[in-house]
Amino acid sequence: MARTRRFHGIWSLALWLIAVGLLIGMTPRTAEHFAHWRTLRAENAQLEQRLAHLHAEERALEAELKRVQTDLGREALARQRGWLRKGEEPLRINRP
Numbered sequence: 003m004a005r006t007r008r009f010h011g012i013w014s015l016a017l018w019l020i021a022v023g024l025l026i027g028m029t030p031r032t033a034e035h036f037a038h039w040r041t042l043r044a045e046n047a048q049l050e051q052r053l054a055h056l057h058a059e060e061r062a063l064e065a066e067l068k069r070v071q072t073d074l075g076r077e078a079l080a081r082q083r084g085w086l087r088k089g090e091e092p093l094r095i096n097r098p
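This note's numbering applies: residue 3 is where the sequence shown begins, and numbers increase by one.
None of these hints come from the bench; they were simulated from the model.
Keep in mind that this is a model prediction, so the values were computed, not measured.
Beta carbons are placed, not taken as given, at the ideal position from N, Cα and C, and that holds for glycine.
Among the hints, a few may not be true.
[Said to hold, decoys possible] Simulated restraints, written as ranges between beta carbons of each label pair:
no.	residue 1	residue 2	range
1	E50	Q82	32 to 38 Å
2	E59	I95	32 to 38 Å
3	R94	Q51	46 to 52 Å
4	H57	A80	26 to 32 Å
5	L25	E50	34 to 40 Å
6	L24	R52	38 to 44 Å
7	L63	A21	55 to 61 Å
8	A54	G84	31 to 37 Å
9	I12	Q51	55 to 61 Å
Using the sequences and the hints given, assemble the complete structure.
Next up, the structure:
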């Protein structure tokens with residue numbers, strides 16, 4: 003019985019030493035993996051924000067495209083760019 007206790011004590015000590023050794027050996031890598039994970043998480047959040055911005059820009063451009071596909075929309079766009087119809091004269095304001 004004493005022999006079994008001593009064997010159990012040695013076995014338990016060996017397991018604890020292995021566990022501590024693994025913990026010490028893995029800690030730097032674990033910290034490195036955690037830091038890398040945090041960096042990737044921040045980058046992912048930034049990319050998701052950029053994606054949301056691009057989706058909003060896409061919706062605005064699609065709305066603009068629908069607007070300029072109508073006759074009134076084309077005319078408004080042409081007038082924004084300074085185009086005139088045949089026979090129209092540009093308005094000139096002379097300032098003293």
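Query - CB-CB spacing for A21 and L63 relative to the 55 to 61 Å hint - result: holds (59 Å)
Query - Cβ separation of E59 and I95, checked against the hinted range 32 to 38 Å - result: holds (36 Å)
Query raised in the report: Do L25 and E50 keep their Cβ atoms within the hinted range of 34 to 40 Å?
Result: Given a distance of about 35 Å, which is inside 34 to 40 Å, the answer is holds.
Query - Range hint 26 to 32 Å (beta carbons of H57 and A80) holds or violated - result: Because 29 Å falls inside the window, the suggested range holds.
**Report entry** Hint check for R52 and L24 - Cβ pair distance inside 38 to 44 Å
**Finding:** Since L24 and R52 have Cβ atoms about 40 Å apart, the given range 38 to 44 Å holds.
Requested in this report: Using the beta carbons of R94 and Q51, state whether their distance is inside 46 to 52 Å or not.
Outcome: Given about 47 Å between the Cβ atoms, the range holds.
Query raised in the report: CB of I12 to CB of Q51, is that within 55 to 61 Å?
Result: holds (57 Å)
Query raised in the report: Has the hinted range 32 to 38 Å been met by the Cβ atoms of E50 and Q82?
Result: holds (34 Å)
Query raised in the report: Regarding A54 and G84, is the given constraint of 31 to 37 Å on their beta-carbon distance met?
Result: holds (35 Å)
In summary, this structure violates none of the numbered hints.
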